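Participant: Each chain is listed here by its residues.
Number of protein chains: 2
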Amino acid sequence: MAVRLTENALGRMVPTEINGRRAVPFVGVGKHRPEGSKTAPPIRSCADYPGDGNKVVPDLATALKNAGIRDGMTISSHHHFRNGDKMANAVFDAAASLGVRDLRWFPSATFPCHAPIIGHMDNGIVHHIEGSMNSPMGDYCSAGKMRGMGVLRSHGGRWQAVQDGEVHIDIAVIAAPTADPFGNANGVTGPSACGPLGFALVDSIYADHVIVVTDNLIEFPCIPWQIQGNNVDQVVVMDSIGDPQEIVSGTTVLTKSPDRLLIAEYTARFIRDAGIMKDGFSFQAGAGGTALAFATFLKEMMKEAGVKARFIRGGSTRYLVEMLEEGLTDYILDGQTFDLEGVRSMRENPHHQDTSPFTSYNFHGKGCFASMVDATILGATEVDVEFNANVVTHSDGRLQHGMGGWQNCLAGRCVILPVPSVRDRIPVVVERVTTLCGPGELIDVVITERGIAINPRRRDLIDAVKGSNLPIRPIEEIKAEVEAMCGGAPAPPKLGDKVVAVVKWVDGTVIDCVRQVE
Amino acid sequence: MAVRLTENALGRMVPTEINGRRAVPFVGVGKHRPEGSKTAPPIRSCADYPGDGNKVVPDLATALKNAGIRDGMTISSHHHFRNGDKMANAVFDAAASLGVRDLRWFPSATFPCHAPIIGHMDNGIVHHIEGSMNSPMGDYCSAGKMRGMGVLRSHGGRWQAVQDGEVHIDIAVIAAPTADPFGNANGVTGPSACGPLGFALVDSIYADHVIVVTDNLIEFPCIPWQIQGNNVDQVVVMDSIGDPQEIVSGTTVLTKSPDRLLIAEYTARFIRDAGIMKDGFSFQAGAGGTALAFATFLKEMMKEAGVKARFIRGGSTRYLVEMLEEGLTDYILDGQTFDLEGVRSMRENPHHQDTSPFTSYNFHGKGCFASMVDATILGATEVDVEFNANVVTHSDGRLQHGMGGWQNCLAGRCVILPVPSVRDRIPVVVERVTTLCGPGELIDVVITERGIAINPRRRDLIDAVKGSNLPIRPIEEIKAEVEAMCGGAPAPPKLGDKVVAVVKWVDGTVIDCVRQVE
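One line per chain: the protein sequences are A and B, in this order.
Whatever position you read off the first sequence (first residue = 1), add 11 for our numbering.
Whatever position you read off the second sequence (first residue = 1), add 11 for our numbering.
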């Protein structure tokens, strides 16, 4: 069935209807104004819950049955366990055992460990996934095999979509490393400790029915209560909800690639030389090898200059924890911990504060933290000469990645994309990104091993680094150099007409779509 | 204007309409089932808030004007500053300067320091108060001078009323001992530190517009953020938002009255001898002189028996803090701190957890903490032979007190009212309470200096203390003895027909009303 497409404000053709629901095309950064009131779950009564606070039921199937699971419902889960998650598969196995069909899975992200759910899409238990689709799920979607249209949202966009009533969650299932029988839960203690549980917070607040699943049931009260039992209907105990080895990696590894190290160093130097690195500043980087290397370069520069940050945004790693413990920042504000040191620090240090997409990223709130970060370091699969960037597809058009908080972070004061100019002999700096996830007007600097391109809109940054010995170059020049080396621009992807997924902007409008790969 | 009255399930005549809105008469404990969905505030957009997170405006009048204050609006405030609050008066002075009229003030409680607002009721700025009305406000209301009908709610009932959309807050003004320019706020630091800010939480979540007022503005991020800036529209800085001497008393004083000490001792012994005081148990008492004495007696008994509590519910005082620090409880779960030691402990000790009416008391949630407390110690102005109790009026019918969390706490597993049998030569144990705030079926034990009456419904408790040397007596016998001593039952109050206030039950139904005193 062909969907009707319309051109949005960035010149991208996007569907006007998604899975039977009207969609609003992107109209420009900050231009779309929401209407109406937030959604809200049914009013409950203590009279219908056990007075002793014990909400434990024997197993997932019982809990789903008690929750009134029916064909076509939306089931949500979170991704704090990353590739170690055992719960989502167990939920859909239990749903299958109950004979329900056509469920919509609304995860905060998917990982390769969730490949069995492809089987549940094949057999009709799951209708489609509405959330990020990584490697195997991405291939399945790209091949046009998924019955519904995929909807890719940022972390903040997921909060916005639930809050605004765009996605109604019937049943939220929340894996919790520690919980009490009342449903209070946290992620900082227990054998499956993962750090915060912020990605599940919106589910716990807005879903009709909330099930907490734990492998570490403790006596009431479970403190801290990152998830509040007063929002929880049932508690299920499983032997193991996740594989600790895969939940956190224990150690996070710096890049050893000379190119990537150079990019990381350029990035740190840019922040220093542009005058952003000063007392009370803030930054956010990721947990990839280049981002970690950047943090270690910046740390040395901060020590040298005697500069202390006010806060660093996580995902946290031992590198950030060291900075906190060495007094190089007052706070870590952290949405997910990437290693055991991050978990420990969040558990022990009140200056390591867990955050949620509500505080950090929700664009339909009264402000959010993302716009208050001085330097935001992000990745990209492609970036084009207009500084537009792609994070979800490769240049062959295949959907391979979720967006995480990427779109939300574009609100930062200085947004930097440190990217290799070439990956696997394919240029990363291109004429026009395959999928437009972030508008160029929000991307300030692209840093490659071949030089640093500053967005011409940021006259202030261009001026700020004048006189530095950084290799500032026009982006077109970097692109030309890369193409010369690779034998030209990347081949255009071979795409069909069918729209297999859309990319939402932070305000719920549609910024681009992903087509079937032929 | 006469209101139509109907008889509720407890035989009390109550209005069917309150301030123009239909009211549901009490139908029995746990019998009323709510319908519909929670209320929700309008969806906002970051595009309408400063990207740098700075929401500070020059003063209260500016903030109220920006908030669109209009005649007839509802303005809320909290009472964590108790009799030291300077903010509520300033808010209505500012409103007066803007020329608005007929405001509804929706405080979580009022104190004598708020007497100037009586002037604003006289001059038409404030239409009526919807919240507890203590001494001067109570007299004003009792005299029939208030234009609207008073509505008395428990702390949990206040959350329920806002959550359920029964009370729509147009503008919440939240006094915060520490805040950042984004509106993140807490009560544990700063010169006006009061401990938690839980009573203001519901206002921050559901009000259309939220203003945080502080006298201690710090750099973002203000951590902990008991109030989240993402719910806040504006921040105002005042020289002083409260008088620290009156916010917390510094020292809380044990009773010296021999009768009250005896009552306190009986209460502790009852809990011990009934087998409630055992490892992992929990209790809640208040901060009055008798309650504090009870806690010290119980503490000694716990030490003697080698018993450790799992949690103690605050209002906290230094007595509870000592128990926490001496290892006699794992946690304090605390809705308000009554002295500086309570504030310090909440600031420093992660086992001293702040709570809100949502976690503790909201009856229209998925359970709440109140029903999980093993022994709940409460006060009363009157208790009758059916174990019904009154906390808001005196036997002369004058409205003098708010209910606090009293009604909510009746959900506890063993609810004990330690009360003197006589106050000012007037019997406290009576035939029929003047105002029925709590149904006798929820009140298990009445402890006076003349003996202990166990509710006949609690056969288990009667059996449990058989063989103890506690002075267990029928309540009728205590009543008869007291009346003999006082020269008879209290004179019936001289009341008019006019209903000046209603008392809501925890589920929003009307349990009783208060009439004008002639």
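I should point out that these hints are in silico values taken from the structure, not numbers from a laboratory.
Source: prediction; values computed, not measured.
Worth double-checking, as some hints may not be accurate.
One copy or any two copies: either way a pair holds, since identical chains are not told apart in the list.
Stated by the list, open to error - Okay, derived cross-link-like pairs now, DMTMM-like style, lysine to aspartate or glutamate, Cα gap no bigger than 20 Å in a straight line:
(1) Lys42 / Asp63
(2) Lys76 / Asp181
(3) Lys319 / Glu337
(4) Lys477 / Glu488
(5) Lys97 / Asp219
(6) Lys289 / Glu230
(7) Lys477 / Glu336
(8) Lys42 / Asp59
(9) Lys42 / Glu460
(10) Lys267 / Asp63
(11) Lys509 / Glu18
(12) Lys477 / Asp341
(13) Lys289 / Asp471
(14) Lys289 / Asp63
Participant: For the identical chains here, do Lys509 and Glu18 meet the 20 Å Cα criterion within one copy, between copies, both, or neither?
Facilitator: within (16 Å within a copy, 66 Å between copies)
Participant: Taking 20 Å as the upper bound on the Cα-Cα distance, should Lys267 and Asp63 be classified as within, between, both, or neither?
Facilitator: The answer is neither: 55 Å in one copy and 36 Å across copies each exceed 20 Å.
Participant: Taking 20 Å as the upper bound on the Cα-Cα distance, should Lys97 and Asp219 be classified as within, between, both, or neither?
Facilitator: Answer is neither; intra-copy 23 Å and inter-copy 41 Å both fail.
Participant: Since the copies are identical, ignore which copy is meant and state whether Lys319 and Glu337 lie within 20 Å (CA to CA) inside a copy, between copies, both or neither.
Facilitator: For Lys319 and Glu337, only the intra-copy Cα distance (10 Å) is at most 20 Å; the inter-copy one is 38 Å.
Participant: Checking an output row: Lys289 and Asp63, CA cutoff 20 Å. Within, between, both or neither?
Facilitator: Close across copies (17 Å), not inside one copy (53 Å); limit 20 Å.
Participant: Regarding Lys289 and Glu230, is the shortest C-alpha distance of 20 Å or less found within a copy, between copies, in both, or in neither?
Facilitator: For Lys289 and Glu230, only the inter-copy Cα distance (15 Å) is at most 20 Å; the intra-copy one is 46 Å.
Participant: Can you give me the call for Lys477 and Glu336, within, between, both or neither, at a CA distance of at most 20 Å?
Facilitator: Answer is neither: 34 Å inside a copy and 59 Å across each miss the 20 Å cutoff.
Participant: Is the C-alpha distance from Lys42 to Asp59 at most 20 Å within one copy, between copies, in both cases, or in neither?
Facilitator: between (44 Å within a copy, 10 Å between copies)
Participant: At most 20 Å between CA atoms: does that hold for Lys42 and Asp63 within a copy, between copies, both, or neither?
Facilitator: Between copies only: 18 Å across chains, 50 Å inside a chain, cut-off 20 Å.
Participant: Using 20 Å as the alpha-carbon threshold, which applies to Lys477 and Glu488: within, between, both, or neither?
Facilitator: Within one copy, since 18 Å is at most 20 Å while 93 Å is not.
Participant: Cα distance capped at 20 Å. Does Lys289 pair with Asp471 within a copy, between copies, both, or neither?
Facilitator: within (17 Å within a copy, 68 Å between copies)
Participant: Which holds for Lys76 with Asp181 at a C-alpha limit of 20 Å: within a copy, between copies, both or neither?
Facilitator: within (13 Å within a copy, 40 Å between copies)
Hints 5, 7, 9, 10, 12, counting from the list given before, are not met by this structure.
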